[in-house]
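K.L.:
Now for the letters of each chain:
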Amino acid sequence: MNTEHQSPLHSLQALTPLASRRSLLAALAASPVLPALAQFRVEVTGVGLTQLPIALPSFRGEEGAPQKISQIVRADLERSGQFRNVDASSERLDETSRPDMAQWRQRAADALVTGSITRMADGRFDVRFRLWDVVKGQDLGGQGFAVTQADLRLVAHRISDFIYEKLTGERGIFSTRIAYVTKAAKRYVLWVADADGENAQSALSSTEPIISPAWSPNGSELAYVSFEARKPVVYVHEVASGRRRLVANFRGSNSAPAWSPDGASLAVTLTRDGLSQLYRISSQGGQPTRLTQSNGIDTEPAFSADGKTIYFVSDRGGSPQIYKVGAGGGAAQRVTFTGNYNISPAVSPDGRWLAYISRVGGAFKLYVMDLDGGTATAVTDTSDDESPSFAPNSRLIVYATKQGGREALMTTTLDGKIKARLAGQGGEIREPDWGPYQKY
Amino acid sequence: MITFKRVSIALSVAALMAGCSSGVKLDENANAGNNNGGANTSGSASGVAGVDLTGGQIAADGGPKGVGRVVYFDFDSFVVKSEAQGLVDANARFIKADAARKVTIEGHTDERGGREYNLALGQKRAEAVRRSLNLLGVSDSQVEAVSFGEEKPAAAGSNEAAYSQNRRAEISYR
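Residue numbers (the working numbering), protein chains in the order written: chain A, 1 to 440; chain B, 1 to 174.
These are calculated hints, taken from the structure and not from any lab test. Please note that a few of the clues may not be correct.
Here are the simulated lysine-lysine pairs, DSBU-like style, with alpha carbons at most 30 Å apart [said to hold, decoys possible]:
1. A/K402 / A/K186
2. A/K166 / A/K68
3. A/K68 / A/K365
4. A/K186 / B/K102
5. A/K186 / B/K152
6. A/K365 / B/K152
7. A/K417 / A/K365
8. B/K96 / B/K152
9. A/K166 / A/K417
10. A/K402 / B/K152
11. A/K136 / A/K166
12. A/K402 / A/K365
13. A/K183 / A/K365
14. B/K152 / A/K183
15. B/K102 / B/K81
Among the chain B residues that face chain A by a calculated CB cut under 10 Å, a handful are [to be verified]:
16. S77
17. A97
18. R101
19. G113
20. G114
21. E116
22. G122
23. E127
24. S147
25. R174
Here are some chain B residues the structure puts well away from chain A; computed CB gaps all over 12 Å [as the list claims (entries may be wrong)]:
26. I58
27. A60
28. V80
29. Q85
30. G86
31. A100
32. G107
33. N118
34. L135
35. A161
36. A162
Every value quoted in this text rests on a predicted model; they were computed, and no experiment measured them. For glycine and all other residues, C-beta sits at the position ideal for the given N, C-alpha and C.
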């Protein structure tokens, strides 16, 4: 994986493991798409101390191309909080250039990405790039992709992933997807979008509310609560085909689906026995097993990554607090002790962090708790935060909030220093859930 | 009490016959008045009073004519207030009068707080009304308590006036 550029003339299937994703996108494209619906805008509200300075001059040929690859990559890297962009707007380089490292060192860039985009005779695009370690003067490798116009954004996110992994040693999350719900007029839409909020495609639209979307661990299905039957019912929805199945439609309300990490079952909140309690049910449906036995509300289950523990919200102690219980049920342990309203737990995939919403003086704030030490920190300066969900690499959280009186989706680093907003949305936007790494 | 019941049956028959001969629109209008909850504002062409108590007439939504459908709750409360007792009584009598009648109690909250937690709170309100009906002799097999949480506010706005309208449980005959 060093300096050799992979041939761009191979088909995408042969060249990279993007194939299954591409066919998925093709299937999704059949559903209605609102153009220019979602635009992520990076808003750096704090200064990270360990950001790596990186220069990304425009790719050669980008001016005439349908997607500005270098801009997408720059925004991805900036949003991660790990990188700081070094201005390189005047530079004309591509992946074949031998950049003058001394000059880039002088500009205080630690890394440099060069590339090109070329329209091929068959109408597809040839995208190539190369990553340089400016400090060591070392070529860190490159890739080439031959793709249709529809996959150009995906290619840009794959480039971001490559750069992120090479320079941080951790897996990137830029080519993952998020789901969220919008409400415009009386129409509710469940969207599937790229992790930067772009390329949003409608998975379901309804005149009745849709809440609590949750990605299956393999990223192919979404569980959610739909009110289309004049009551809350849990569905599982295969994203590529649009096939839906009823998973929980018991007497009373059915809600808060959470996947077990093996994808075989869901924890859900049912009221079939009176108050809201947690149950476990096969992801194919069937008879549920009761997990909690309290005389209060138990809801919002969330599995730990190892599948052994379920975090949830209960008001058994008088006010809503986060508890945890073994995945098979049993005695619950309280997790949050500060404040009198702590809800919506999300556990990071690495098991180190718990994100949740805490009511503080009438404001609803996103908190991040270190599960080892138990200390929790507010990471936003907004007051209507909702629905946190971790990126699969545990480095970012997506959440809903209100900005200027309107609902918005934000991503934040765990320390709250770097935030990005999903802007340009036509209606109310809410209920984000960050999908897993895509399996290829 | 017995004579009262006879009157109520007679009225209900009259109402059914009226329903047959008159158009759907009339009933819809009557229903629109009822849905605002509480008082019987739709009136009656014959001027006969007392329909509130009998629960014998059937509105367009299938519920009792002239009887409210909405029980309001105080902030952070899940207790059916005494002022709602008359409404609950009248609905209970109506439901009990026909074992085939089914109702859904739809619980709601105001917009503050998390959506899923509010769904559970709305369920608590629906359950409170279901229990009240049950205490009045309504069979649980005729009643389903569900919640809409904060998803279906009755009033728009982020102020107490709207919130107090939204903290409610609706008795739905649809």
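K.L.:
Could you run down the list of hints and mark each one as holding or not?
P.N.:
Hint-by-hint comparison with the structure:
Taking the CA atoms of A/K402 and A/K186, the gap is near 20 Å; set against the 30 Å cutoff, the hint holds. As the CA atoms of A/K166 and A/K68 are separated by approximately 22 Å, the hinted pair is consistent with the 30 Å bound. Between A/K68 and A/K365, the direct Cα distance comes to roughly 35 Å. Violation of the 30 Å bound is thereby established for this hinted pair. The straight-line distance between the Cα atoms of A/K186 and B/K102 is roughly 28 Å, inside the 30 Å bound, and the hint therefore holds.
Annotation: proposed proximity of A/K186 to B/K152 holds, straight-line Cα distance about 11 Å (limit 30 Å). In summary, the hint linking A/K365 to B/K152 is supported, as the alpha carbons are separated by about 24 Å, within the 30 Å threshold. For the hint pairing A/K417 with A/K365, the CA-to-CA distance comes to about 15 Å; that is within 30 Å, so the pair holds. In summary, the hint linking B/K96 to B/K152 is supported, as the alpha carbons are separated by about 28 Å, within the 30 Å threshold.
Taking the CA atoms of A/K166 and A/K417, the gap is near 23 Å; set against the 30 Å cutoff, the hint holds. Between the alpha carbons of A/K402 and B/K152 the distance comes to roughly 19 Å, so the proposed pair stays at or under 30 Å and holds. For the suggested pair A/K136 and A/K166, the alpha carbons sit about 14 Å apart, so the restraint of at most 30 Å is met. Annotation: proposed proximity of A/K402 to A/K365 holds, straight-line Cα distance about 11 Å (limit 30 Å).
Our distance criterion of 30 Å between C-alpha atoms is met by A/K183 and A/K365, whose separation comes to about 22 Å. Our distance criterion of 30 Å between C-alpha atoms is met by B/K152 and A/K183, whose separation comes to about 12 Å. At roughly 24 Å between alpha-carbon atoms, B/K102 and B/K81 fall within 30 Å of each other, so this suggested pair holds. Violation of the interface hint for B/S77 is found here, the shortest Cβ-Cβ separation to chain A being roughly 14 Å, above the 10 Å cut-off.
Using the Cβ-Cβ criterion of 10 Å, the hint placing B/A97 at the interface with chain A is not satisfied: the shortest such distance is roughly 23 Å. The closest approach between the C-beta of B/R101 and any C-beta of chain A is roughly 17 Å, which is over the 10 Å cut-off, so the hint fails. For B/G113, the suggested interface contact is upheld, since its CB lies about 7 Å from the closest CB of chain A, less than 10 Å. For the restraint placing B/G114 at the interface with chain A, the shortest Cβ-Cβ distance is roughly 4 Å, inside the 10 Å limit, so the hint holds.
Look at B/E116: its Cβ gets to within about 5 Å of chain A, closer than 10 Å, so that hint holds up. A cut of 10 Å between beta carbons decides the hint on B/G122: the least distance to chain A is about 8 Å, and the hint holds. For B/E127, the interface hint holds, the least distance from its beta-carbon to any beta-carbon of chain A being 7 Å, beneath 10 Å. Interface restraint check: B/S147 against chain A, minimum CB-CB distance 5 Å, threshold 10 Å, status holds.
The closest approach between the C-beta of B/R174 and any C-beta of chain A is roughly 8 Å, which is under the 10 Å cut-off, so the hint is satisfied. Non-interface status of B/I58 relative to chain A is upheld: no Cβ of that chain comes within 12 Å, the nearest being about 20 Å off. Listed as outside the interface, B/A60 is consistent with that label: its C-beta sits roughly 17 Å from the nearest C-beta of chain A, beyond the 12 Å cut-off. Residue-level check passed: B/V80 sits 16 Å from the nearest beta carbon of chain A, beyond 12 Å.
In this structure B/Q85 is separated from chain A by more than 12 Å, as the shortest Cβ-Cβ distance comes to about 22 Å. Look at B/G86: its CB is around 26 Å from the nearest CB on chain A, clear of 12 Å, so calling it non-interface holds up. Against the 12 Å criterion, B/A100 stays outside the reach of chain A, whose nearest CB is about 18 Å from its own CB. The beta carbon of B/G107 sits about 8 Å from the closest Cβ of chain A, which is not more than 12 Å, so the claim that it is off the interface is violated.
A cut-off of 12 Å between C-beta atoms contradicts the statement that B/N118 is not in contact with chain A; the least separation is 9 Å. At the 12 Å boundary, the C-beta of B/L135 stays outside the reach of chain A, the nearest C-beta of that chain being 15 Å off. The claim that B/A161 is not at the interface with chain A holds, since no C-beta of that chain comes within 12 Å of its own (minimum 17 Å). At roughly 15 Å, the least C-beta separation between B/A162 and chain A is larger than 12 Å, which holds for a residue marked as non-interface.
Of the hints listed earlier, those the structure fails to meet are numbers 3, 16, 17, 18, 32, 33, in rising order.
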